[in-house]
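Q: Sequence:
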Amino acid sequence: MADETRPGDGFLSRDDTGDERLARGKAQLARITGRSGEEVMAALADVAPDFARYIFEFGYGDIYSRPGLDLRTRLLATVAGLVCLGHAQRELEVHIGSALNCGASRQEVIETIMQMALYAGFPAALDALFVARKVFAAREEAGTPPAQG
Numbered sequence: 001m002a003d004e005t006r007p008g009d010g011f012l013s014r015d016d017t018g019d020e021r022l023a024r025g026k027a028q029l030a031r032i033t034g035r036s037g038e039e040v041m042a043a044l045a046d047v048a049p050d051f052a053r054y055i056f057e058f059g060y061g062d063i064y065s066r067p068g069l070d071l072r073t074r075l076l077a078t079v080a081g082l083v084c085l086g087h088a089q090r091e092l093e094v095h096i097g098s099a100l101n102c103g104a105s106r107q108e109v110i111e112t113i114m115q116m117a118l119y120a121g122f123p124a125a126l127d128a129l130f131v132a133r134k135v136f137a138a139r140e141e142a143g144t145p146p147a148q149g
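Going by full-length UniProt numbering, the first residue of the sequence shown is number 1, and it counts up by one from there.
These are computed hints drawn from the structure, not numbers from a lab. Small disclaimer: the values here were computed from a predicted structure and weren't measured.
Ranges of calculated distance between the beta carbons of each label pair, as one might list FRET restraints:
no., residue 1, residue 2, range
1, Glu-91, Ala-117, 15 to 25 Å
2, Leu-118, Thr-73, 11 to 21 Å
3, Ala-88, Ser-36, 13 to 23 Å
4, Ala-138, Ala-88, 16 to 26 Å
In silico lysine to any residue, SDA-like type, Cα no more than 25 Å apart, as pairs:
no., residue 1, residue 2
5, Lys-26, Val-40
6, Lys-26, Glu-38
7, Lys-26, Leu-44
8, Lys-134, Gly-121
9, Lys-134, Arg-35
10, Lys-26, Met-41
11, Lys-134, Ala-117
12, Lys-26, Leu-69
The beta carbon of each residue, even a glycine, is placed where N, CA and C say it ideally should be.
Whenever a hint applies, use it, and build me the whole structure from the sequences.
A: Next up, the structure:
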């Protein structure tokens with residue numbers, strides 16, 4: 001009998017088509033961000049439509065859909081990685097909001113960013129804290145303040 005999963009993942013079928021991965025990715029993105037992601041596909045339609053599809057299929061359909069870590073943990077790890085990049089403020093803004101959507105508290109986001117000062121440097125952490133402040137303020141203005149953890 002053939003193994004139905006990829007080595008080590010225990011979740012995704014080798015027979016998943018691109019359409020199945022795309023659908024799973026779109027559903028996962030909506031679960032994480034509260035948005036469909038259609039704006040991403042539309043924004044890239046005239047320049048790199050395949051890239052948008054890769055984001056959904058691989059990023060959200062494969063990686064964010066894997067077992068082993070809950071979405072809260074995955075999003076805090078994503079925030080940490082983006083802080084370390086130091087040049088992805090737009091993505092950091094989206095993923096801080098997504099971390100909050102997936103159960104991370106405001107304090108957990110702040111602590112994750114502060115921890116990255118050791119690895120990414122104080123300027124990167126400081127920039128990220130300003131992005132977090134912007135996300136927190138927007139949520140408060142919209143009537144959805146982040147949890148205080």
